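Engineer: Here is what each chain is made of, one letter per residue.
There are 2 protein chains.
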Amino acid sequence: MYKVTVIGSGNWGSVAAKLIASNTIKLPSFHDEVRMWVFEEKLPSGEKLTDVINKTNENVKYLPGVKLGKNVVADPDLVNAVKDANMLVFVTPHQFMEGICKRLAGKIRADAEGISLIKGMEVKKEGPSMISTLITKQLGINCSVLMGANIANEIAMEKFSEATVGYNQNKSAADRWVQLFCTPYFNVTSVEDVEGVELCGTLKNVVAIAAGFVDGLEMGNNTKAAIMRIGLKEMMAFSKMWFPSVKDSTFFESCGVADLITTCMGGRNRKVADAYARNGGKRSFEELEAEMLQGQKLQGVLTAQEVHEVLSDRGWLHIFPLFSAVHAISIGHLPPSAIVKISEEKPRHVQLLSSL
Amino acid sequence: MYKVTVIGSGNWGSVAAKLIASNTIKLPSFHDEVRMWVFEEKLPSGEKLTDVINKTNENVKYLPGVKLGKNVVADPDLVNAVKDANMLVFVTPHQFMEGICKRLAGKIRADAEGISLIKGMEVKKEGPSMISTLITKQLGINCSVLMGANIANEIAMEKFSEATVGYNQNKSAADRWVQLFCTPYFNVTSVEDVEGVELCGTLKNVVAIAAGFVDGLEMGNNTKAAIMRIGLKEMMAFSKMWFPSVKDSTFFESCGVADLITTCMGGRNRKVADAYARNGGKRSFEELEAEMLQGQKLQGVLTAQEVHEVLSDRGWLHIFPLFSAVHAISIGHLPPSAIVKISEEKPRHVQLLSSL
Chain V
1 MYKVTVIGSG NWGSVAAKLI ASNTIKLPSF HDEVRMWVFE EKLPSGEKLT DVINKTNENV
61 KYLPGVKLGK NVVADPDLVN AVKDANMLVF VTPHQFMEGI CKRLAGKIRA DAEGISLIKG
121 MEVKKEGPSM ISTLITKQLG INCSVLMGAN IANEIAMEKF SEATVGYNQN KSAADRWVQL
181 FCTPYFNVTS VEDVEGVELC GTLKNVVAIA AGFVDGLEMG NNTKAAIMRI GLKEMMAFSK
241 MWFPSVKDST FFESCGVADL ITTCMGGRNR KVADAYARNG GKRSFEELEA EMLQGQKLQG
301 VLTAQEVHEV LSDRGWLHIF PLFSAVHAIS IGHLPPSAIV KISEEKPRHV QLLSSL
Chain L
1 MYKVTVIGSG NWGSVAAKLI ASNTIKLPSF HDEVRMWVFE EKLPSGEKLT DVINKTNENV
61 KYLPGVKLGK NVVADPDLVN AVKDANMLVF VTPHQFMEGI CKRLAGKIRA DAEGISLIKG
121 MEVKKEGPSM ISTLITKQLG INCSVLMGAN IANEIAMEKF SEATVGYNQN KSAADRWVQL
181 FCTPYFNVTS VEDVEGVELC GTLKNVVAIA AGFVDGLEMG NNTKAAIMRI GLKEMMAFSK
241 MWFPSVKDST FFESCGVADL ITTCMGGRNR KVADAYARNG GKRSFEELEA EMLQGQKLQG
301 VLTAQEVHEV LSDRGWLHIF PLFSAVHAIS IGHLPPSAIV KISEEKPRHV QLLSSL
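Quick mapping for you: the protein sequence lines, in order, are chains V and L. The opening position of the first sequence corresponds to residue 1 in my numbering, with each subsequent residue numbered one higher. The opening position of the second sequence corresponds to residue 1 in my numbering, with each subsequent residue numbered one higher.
Any given hint could turn out to be false.
No copy labels: a pair is met if it fits in one copy or bridges any two.
As the list claims (entries may be wrong) - Derived pair list, reagent style SDA-like, types lysine to any residue, alpha-carbon separation capped at 25 Å: (1) Lys341 <-> Tyr185; (2) Lys341 <-> Glu33; (3) Lys107 <-> Glu122; (4) Lys26 <-> Lys341; (5) Lys233 <-> Lys247; (6) Lys61 <-> Gly332; (7) Lys240 <-> Glu192; (8) Lys271 <-> Glu218; (9) Lys341 <-> Val66; (10) Lys240 <-> Arg103; (11) Lys247 <-> Thr189; (12) Lys341 <-> Cys182; (13) Lys233 <-> Gly266; (14) Lys247 <-> Ala173.
Keep in mind that the hints were calculated from the coordinates and are not lab data. From a predicted model like this one, the values you see are computed outputs, not experimental measurements.
Bound-form chain V, shown alone (with noise of 0.2 Å):
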């Protein structure tokens, strides 16, 4: 029997949840109940976030209106929720890894198999390495991804979407994953590549920032569409330059083209980003971030910040000219017209990207 723990209640992990729970419900080879960790809150009512949730089965901060199942329980206590789980979601901001991960070493069950719903990177000196790859040398569990064109309140709303999870070598794991995900209007498939799937949900955050500027510098169609071309191809070099396992097929599922197109088209990133465009980047984009975001940071300029690093280590960054163009612009370096001056001025290397 599986028994699966999500670790993580914000928008996401809510939504993972509730899609979660109508699974192990249905399902006989999962115990009905899904533990779910909740960073306890006290709400402005006076009540505990968590004593909410199991009295509404609502989160009634992060996804109001929206029933989970029954069969989620919000508990405060870390260590207590995973102790019986032999499946771990992991949904939290990726900075809260780190320290969630010293916690849980040497409290979960030796059988345990862990899921990585989370964006982002930590940048180590020999390049990048996947959130996914802390889980498995911190707790040494093996650790899938799940990543796709996931907006969250739309699936909550039971909307239809796909999603792609990325495994390693476990394929026996990643069906069993696809199992407790998938439901009929939200299409799971995998795929034996897990630093591909990952990336991809990571670096599209960077792409979203260039496309935002195009928006913002009102270029129109054909060249918002040309630049998250060139960023496709862009996350596809990175990824196959530090993994040279990752697939190029990977990159047309839901975690690769579709991810993109979505948060190229709406999200955060792309409307901050939009809006420094529009102020001639005489604005910040901390202040426009404060402004816009009620605090909350935007990922794809961290992502940038972070791509960059690894890149200008490696003397790579005449490799990347969109995602280097993308940093020199967010911390205000270039204007944010160099996004389309890059393109113009550097096909060769656009061109030696398409060889590639």
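On the provided structure of chain V, position chain L as indicated by the hints.
Structural biologist: Using the frame of chain V, we list chain L on its own:
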């Protein structure tokens, strides 16, 4: 010395003439003059269109306000227009090509090369037949294609864009076409995959109809991205089933993913399909076309019909649920919401496609 004639003078043909003329005047291996065959019309002023183009340097009817270059010469006589040319650029509505080829047979230079900018295909018993093949067969010349995320008016305004030349064996001809079209704001690359490039340009219109249905149903960004991705996979599978030489990498070029994005975001196929779905399929495509497009026909609905014919002939409809549903919806056999249902109900076929 190479001498270029553009056959066609609509919106896209006029932009093509402008791009080409800016290069022939600079590059020593090309004659400066670019001849453009214009289907003669009397303007409301009583003047002939060709006279006005040659006097004002503007195609006042199809690309008003844009100077084509003084070295563009409009010619109402098709045979005269091509007689000295060894580079022929075909850019007319696809239904006129058969007749044009008949008039040109035996009247062109023996060393001529062709390139087609035309979207569409012919349906033959043995499968789809491309316009470049029609030109090759009827005129006995080698024919490349140029496709991409190319909204004509945006390129006319010199906004950055990309395009893909697809060629068949003759790399030096392809290089010449790239040289002829490439400008700082129009970045052209070539791939040895004429059928792949041409089918991208043709089949994307079917996916755009599907995307329009999703918009009209207000299903949101996730669903639209998912449908676009499934459409892209069907484009690949369809192309490879008939032309095994088609390369996956072609779909990462401007003609592939970028053109698909542009067409599914803007464009008239998307727009009319959106209106069709909003009306619950109660007003026919013919009616909406007449009202919204001043008598123009939707390429995507015609192509979906052609795709349906060749697929049903082979018994392959079930392998292409999205293409099949677009046709069934557009002729009123299924409701617009079927575009999402096919993805929910037939994940196995989608997975089968994924493995192609």
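Engineer: Hints first: check each against the structure and report whether it holds.
Structural biologist: Comparing the hints with the structure gives:
Within a single copy, Lys341 and Tyr185 get their C-alpha atoms only as close as 41 Å, which misses the 25 Å cut-off; across copies the closest is 9 Å, which meets it. Proximity of Lys341 and Glu33 under a CA criterion of 25 Å is satisfied in neither setting, with 54 Å inside one chain copy and 30 Å between copies. In this homomeric assembly, Lys107 and Glu122 come within 25 Å of each other (Cα to Cα) only inside a single copy, at 24 Å, whereas the closest approach across copies is 65 Å. For a Cα distance limit of 25 Å, the shortest separation of Lys26 from Lys341 across copies, 22 Å, qualifies, whereas the shortest one inside one copy, 54 Å, does not.
In this assembly of identical chains, the alpha carbons of Lys233 and Lys247 lie at most 25 Å apart whether taken from the same copy (13 Å) or from different copies (16 Å). Taking the closest pair of Cα atoms, Lys61 and Gly332 never come within 25 Å of each other, the shortest separation being 36 Å inside a single copy and 44 Å across copies. In this assembly of identical chains, Lys240 and Glu192 lie within 25 Å of each other by CA distance both inside one copy and across copies; the values are 15 Å within and 23 Å between. For the homomeric pair Lys271 and Glu218, the shortest alpha-carbon distances inside one copy (13 Å) and between copies (21 Å) are both at most 25 Å.
For the identical chains of this complex, Lys341 and Val66 are inter-copy neighbours only, at 23 Å across copies versus 46 Å inside a copy, given an alpha-carbon limit of 25 Å. In the homo-oligomer, the alpha carbons of Lys240 and Arg103 never lie at most 25 Å apart, since the shortest distance is 33 Å inside one protomer and 51 Å across protomers. For the identical chains of this complex, Lys247 and Thr189 are neighbours both inside a copy (15 Å) and across copies (23 Å), given an alpha-carbon limit of 25 Å. Proximity of Lys341 and Cys182 under a CA criterion of 25 Å is satisfied inter-copy only: 15 Å between copies versus 43 Å inside one chain copy.
In this assembly of identical chains, the alpha carbons of Lys233 and Gly266 lie at most 25 Å apart whether taken from the same copy (21 Å) or from different copies (23 Å). For the identical chains of this complex, Lys247 and Ala173 are intra-copy neighbours only, at 20 Å inside a copy versus 32 Å across copies, given an alpha-carbon limit of 25 Å.
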